[in-house]
Amino acid sequence: MGEDRERAPHVASVVELARGEEPAVGTAIAPGIPGRGKRAVAGRVGLYALLAAIAAFYLLPFFWSVSTSFKTLPESVQGFVLIPHHPTLDGYREAFTTGPFGRYLLNSAIFAVSVTLTNVFLCTLGGYAFARLRFPLREPLFMLVLATLMIPDQMRLVPVFKLLADFPFFHWNMIATYQGYILIKLIYATNLFLMRQYFLTIPRDYEEAAKLDNAGFFKTYWRVMLPLAGPAIAAIVILSFQGTWDDFYWQLILLQDDSKFTLNVGIARFATAGGFGHDWPPLMAASTIAIAPVALIYVFFQRYFIAGVTTAGVKG
Amino acid sequence: MAVAARTRPVGTRRLETAANAKVREALVGYAFVGIPLLYFVLFYLFPIGYAFYISFYDWGILGKLGYRGFGNYRELWHDQLFWTWPPKRGTAIWNTLYYTAIVVPAQMALGLALALAVNARIRARTFFRAAYYFPSLTSSAAITAIAIYILNADGLLNWALSKVGGHPVHTPWFGQSSTALESIMGLNIWTTSGTMMLFYLATLQSIPTDVYEAAAIDGTSRWRTFWKITFPLLKPGHFFVAVLSIIGCLKLFDQAFIVSGGKGGPAYSTETAVLYLYQTAIGDARWGYAATVGIVLFAIIFLFTLVQRLLFGKAEIGY
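Those protein sequence lines, which keep their order, are chains A and B. The numbering used here puts the first residue of the first sequence at 13, with every later residue one more than the last. The numbering used here puts the first residue of the second sequence at 1302, with every later residue one more than the last.
Honestly, the hints are just simulated from the structure, not real lab data. Treat each hint with caution, since some may be false.
[As the list claims (entries may be wrong)] Straight-line C-alpha distance at most 27 Å; calculated DSS-like pairs for lysine-lysine: (1) B:K1552 with B:K1564; (2) A:K174 with B:K1552; (3) B:K1389 with B:K1552; (4) B:K1389 with B:K1564; (5) A:K231 with B:K1323; (6) A:K223 with B:K1323; (7) B:K1564 with A:K174; (8) B:K1365 with A:K174.
[Said to hold, decoys possible] Cβ pair distances, simulated, as ranges: (9) A:W184 with B:P1388: 40 to 46 Å; (10) B:F1532 with A:R51: 44 to 50 Å; (11) A:K231 with B:G1335: 15 to 21 Å.
[To be verified] Partner residues are not named here, just some residues of chain A that face chain B (Cβ under 8 Å, in silico): (12) R146; (13) P164; (14) A280.
Because the structure is a prediction, the values reported are computed rather than measured. Just so you know, even glycine gets a beta-carbon here, dropped at the ideal spot from N, CA and C.
My request is simple: use the sequences and hints to build the entire structure.
Structural data, given as structure tokens:
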């Protein structure tokens, strides 16, 4: 493990981070030299003040956005008012009525949940096969899957759009359909990779027991492997949900119909519709709704989040 | 199978079932990976060839209008909106490279500083980590909307600048060509530095502590310890973060689209390479030309992706 880790600085320690353990921390150990105490304390206080200031800088825009979502339009441009004097739900009401953000919210949820389900099922099943079942060309095929990570979405724009606009043999037009978008996000190569790596770490003894019981491959996958893969499944659930919920590029390209718009596309339209004179409270209400679910998941499942994102290597 | 037959004296019948089991395992294996493989071939591999094919045609809304050979590539070479020589602001490629040149070093420096801070033995370390990472995981559309609000002429930033400067400031940060792209730079340095922090943190924690213990015993100053020990040992992290950051910057799209309403304005100041691709494809329905833009972008991004994957490939071994 030690030698491996030198070659592999990222993933190895990230997994430890994800498990909630603190690996060896690479900071100088505070030398316990007498007489240095006061300076050290002052330094500590300064450090905390700095860290807190930076944290405020990173979080303030979000508080500001939530605050404005409860304001009236005049109050939203009145300088720094963090707690609204006359809190109102008009911003949300407007977002749900004039801009049909209720519909957009529903669409976002449908896409995120569907893509998460397809990913969990197909990536655990595929990951199990790539990790455990023996079949010819297994390794080259897995390499092929990994190779797709090098193909940027930008190059795929035109051909994938054409493919979905007129699907070969069937002549389906899947632009601005639920199935078209879900198809594009059906499987993340990173999720498949993550599951395979995780299954490789599970000792074979578990399956040997199942084999003695004469269980088939699917039963072994379902009854033995899946229950053991909890943390990895949590990571891919979060990765797929967030990747789809936060996606803008494919949503904008494929969902070219108001009835299929998501929160993100709706916000983009709304933010730019009237140039730069804006109706801020409903826009901030929509932004708050778009940020809230991922924020909540993050608060409760931080460690899986970090494991997933760092292993995937790229965020959106 | 031959080996098994020699070493294990078993009946023919048993051998047959073993062979059958092997075939069955292979078939089940293919069945389990079948949908993923079909998916990757159809939506990743086939599109590469298809993109090249389309790029050789004049391809409009109604389909193929005629073969152009390298005509699209020639046109792109002379396209003054895509790039110019000498470099000029307001062209897609130069805007993108200018953006990349500023954002990459800033993201790396900030990411490293944050990583060092949250790696120290401090209380509430988890909270600080979570706070700094938070902007990275939010929807780019929502966060851009917040930025538009804060940076508008009557927004929070101008309010703060007015307080500090003592006279009213009403700069439309996204609304004028001299500051629009720079404002996106600021926005994205802020949102993605948390991601860079995570990668640096992972690398930092792979550095063995005994190195630092030795330095502490020698009485080496923290500043010196950082530059002489930590910084060089972070080399794999530097590479990885740099490549990740460069690729992300070259793909700049969401924020540029949203602040300019998809137009790349004002005065082409937020016209990026990917936005240009979007405009030629979805906006103008010039599919052949857009495919060409996509391929040229792919060539540029591919170089960097290749480096990243080579580094990532090494990382996989230790997983």
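So, going through the hints one by one against the coordinates:
no.: 1; hint: B:K1552 with B:K1564; in the structure: 17 Å, holds
no.: 2; hint: A:K174 with B:K1552; in the structure: 21 Å, holds
no.: 3; hint: B:K1389 with B:K1552; in the structure: 19 Å, holds
no.: 4; hint: B:K1389 with B:K1564; in the structure: 18 Å, holds
no.: 5; hint: A:K231 with B:K1323; in the structure: 17 Å, holds
no.: 6; hint: A:K223 with B:K1323; in the structure: 14 Å, holds
no.: 7; hint: B:K1564 with A:K174; in the structure: 23 Å, holds
no.: 8; hint: B:K1365 with A:K174; in the structure: 12 Å, holds
no.: 9; hint: A:W184 with B:P1388: 40 to 46 Å; in the structure: 44 Å, holds
no.: 10; hint: B:F1532 with A:R51: 44 to 50 Å; in the structure: 24 Å, violated
no.: 11; hint: A:K231 with B:G1335: 15 to 21 Å; in the structure: 19 Å, holds
no.: 12; hint: R146; in the structure: 6 Å, holds
no.: 13; hint: P164; in the structure: 5 Å, holds
no.: 14; hint: A280; in the structure: 5 Å, holds
The structure fails hint 10 only (numbered hints given earlier).
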